[in-house]
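So the protein sequences, as listed, match chains A and B. Quick note on this note's numbering: the first sequence kicks off at 76 and runs consecutively. Quick note on this note's numbering: the second sequence kicks off at 95 and runs consecutively.
To be clear, the hints were calculated from the coordinates, so they are not data collected in a lab. Accuracy of the hints is not assured; some may be wrong.
[Unchecked claim] Once the Cα atoms are required to be at most 30 angstroms apart in a straight line, the calculated DSSO-like pairs of lysine-lysine come out as:
no., chain 1, residue 1, chain 2, residue 2
1, B, Lys145, A, Lys193
2, A, Lys210, B, Lys145
3, B, Lys145, A, Lys185
4, B, Lys335, A, Lys156
5, B, Lys115, A, Lys192
6, A, Lys181, A, Lys155
7, A, Lys210, B, Lys149
8, A, Lys193, B, Lys149
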Amino acid sequence: MAMIEIVDVHKSFGDLHVLRGVNLAVEKGESMTVIGGSGSGKSVLLKHIIGLLFPDGGRVIVDGQVLNDLDEYGLNELRKKFGMLFQGSALFDSLTVWENVGFGLKQHTKLSDREIKKITTDKLALVGLKDVEDKMPSDLSGGMKKRVGLARAIAMDAAIILYDEPTTGLDPITADAINDLIIDLRKKLGVTSVAITHDMQSAYKISDRIAMLYKGEIQEIGTPQQIRNTTNPIVHQFITGSAVGPITAD
Amino acid sequence: MVSATGSPGYIINWLEIVGRKTSGIVTEIGRVIMFLVHTVRWTFSWPFYAKNVLKQMEQIGFNSIPVVLTTALSTGMVLALQSYTGFKRFGAETLIGTVVSLSMTRELGPVLTGLMVAGRAGASMAAELGTMRVTEQIDALSTLATNPMKYLVVPRFIASTLMMFFLTALGMIIGITGGYFVGVKVLGTNPVTYINNSIDYTEVSDIWYGLIKALVFGAVVGLIGCYKGFSTQGGAEGVGKATTGAVVVSCMLILILDYFLSAVLW
Numbered sequence: 076m077a078m079i080e081i082v083d084v085h086k087s088f089g090d091l092h093v094l095r096g097v098n099l100a101v102e103k104g105e106s107m108t109v110i111g112g113s114g115s116g117k118s119v120l121l122k123h124i125i126g127l128l129f130p131d132g133g134r135v136i137v138d139g140q141v142l143n144d145l146d147e148y149g150l151n152e153l154r155k156k157f158g159m160l161f162q163g164s165a166l167f168d169s170l171t172v173w174e175n176v177g178f179g180l181k182q183h184t185k186l187s188d189r190e191i192k193k194i195t196t197d198k199l200a201l202v203g204l205k206d207v208e209d210k211m212p213s214d215l216s217g218g219m220k221k222r223v224g225l226a227r228a229i230a231m232d233a234a235i236i237l238y239d240e241p242t243t244g245l246d247p248i249t250a251d252a253i254n255d256l257i258i259d260l261r262k263k264l265g266v267t268s269v270a271i272t273h274d275m276q277s278a279y280k281i282s283d284r285i286a287m288l289y290k291g292e293i294q295e296i297g298t299p300q301q302i303r304n305t306t307n308p309i310v311h312q313f314i315t316g317s318a319v320g321p322i323t324a325d
Numbered sequence: 095m096v097s098a099t100g101s102p103g104y105i106i107n108w109l110e111i112v113g114r115k116t117s118g119i120v121t122e123i124g125r126v127i128m129f130l131v132h133t134v135r136w137t138f139s140w141p142f143y144a145k146n147v148l149k150q151m152e153q154i155g156f157n158s159i160p161v162v163l164t165t166a167l168s169t170g171m172v173l174a175l176q177s178y179t180g181f182k183r184f185g186a187e188t189l190i191g192t193v194v195s196l197s198m199t200r201e202l203g204p205v206l207t208g209l210m211v212a213g214r215a216g217a218s219m220a221a222e223l224g225t226m227r228v229t230e231q232i233d234a235l236s237t238l239a240t241n242p243m244k245y246l247v248v249p250r251f252i253a254s255t256l257m258m259f260f261l262t263a264l265g266m267i268i269g270i271t272g273g274y275f276v277g278v279k280v281l282g283t284n285p286v287t288y289i290n291n292s293i294d295y296t297e298v299s300d301i302w303y304g305l306i307k308a309l310v311f312g313a314v315v316g317l318i319g320c321y322k323g324f325s326t327q328g329g330a331e332g333v334g335k336a337t338t339g340a341v342v343v344s345c346m347l348i349l350i351l352d353y354f355l356s357a358v359l360w
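Start from the sequences, fold in the hints, and give me the full structure.
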């Protein structure tokens, strides 16, 4: 059984029909990347997987549990299996780095501050950071914020990690370092991961499979090699970044 | 009646605009009520973030003391000065104390404290939560299996309600003291008469009425500040709108509710 199953999911905001019957399955331990242009519904899809949004129609099933059917307690219990890296890192700006990374541990375990600080130091080391525990998020660069966000995502030993545009806004070298980190974490922790991005270099590098979302529908799913060799004109135009083709710029 | 242009379409358009505006206002009121229901529900459920409540009590209450003290002191002093001018014309200067005490306890203490806290702490709440909303920090809380209503809204709501009570009590004391200073030390009214009149004509219920108003105003400031912050959309512009909206709506609600509370607590 797939770790994440998205079955015929529809979502509208007012008159805007964002997801139009999306079907997607992510196997345990797999790295799936959803690509698509701005406004294609990628972020909306990702928010459905962790229950930040709920579908108007269809179902989202995570680890055998239907998200739509869960109450507040059940949803929070399921969310403990997740880690999420946000596009802008979304670090709590009133908390220090270690308080950010250890936030989940503080809320959901009985560990002492000393024990939490030890774990956060280890997680920060895993993402290549040291001696930043007592800094505030405002003292960090964009790349460092992403790393701290990643450390926070893995702090609770998540089984599933969601990446929202992990390389957006970073310089190419830092972006590649984040890609390497995502691959490295998957090898070390064996997590299932779902990323959304429009950075094709990143998508090819970190993914086992890539799905293309266009106008609220999945156009094609395949390995990076299959996507590179696609005959679908929409997917081909997107991955080659051409202005000419069926996709028109907004 | 036919419109100036004589066009029925013009009237229909006008009715559409009025209908849309009315629908928008009613929807917004409904959302605020639902937000209040959720806030109250989460206030009485586990876990309770005591540390967050204390932090907010400091930010909303302790940090508002200077502005509340200044306002109350100034109001009490001006009230004594102005009522002296009026009362002197028919030889009732000794009633200055009564006017200052009744005004500060029943009306000016809670209303002015409410308006000052709405301007300072309500704006701060909306801006902070609005920024957290647009930078996805509120979503991040949810992904960390933490209820943002419980973690962010409930502490602010409790702190705002409780601290408004204490700030208003402080404002009443300072305002009355300011009135005494002007009435007795500046204008030369007999201190014994001043104090006796203040005590004789001010009942304990007057103080309670003012403090009940303060609790309601505190809840309004906390609720609206958090609601506006939580419903922020867009970037910096959205945060700006939320902040302005929080102050304007809170102040209007305080003034509107003041009349109804005064009528009920007559």
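**OP:** List in ascending order the numbers of the hints, as given earlier, that are violated by the structure.
**Re:** 4 and 5
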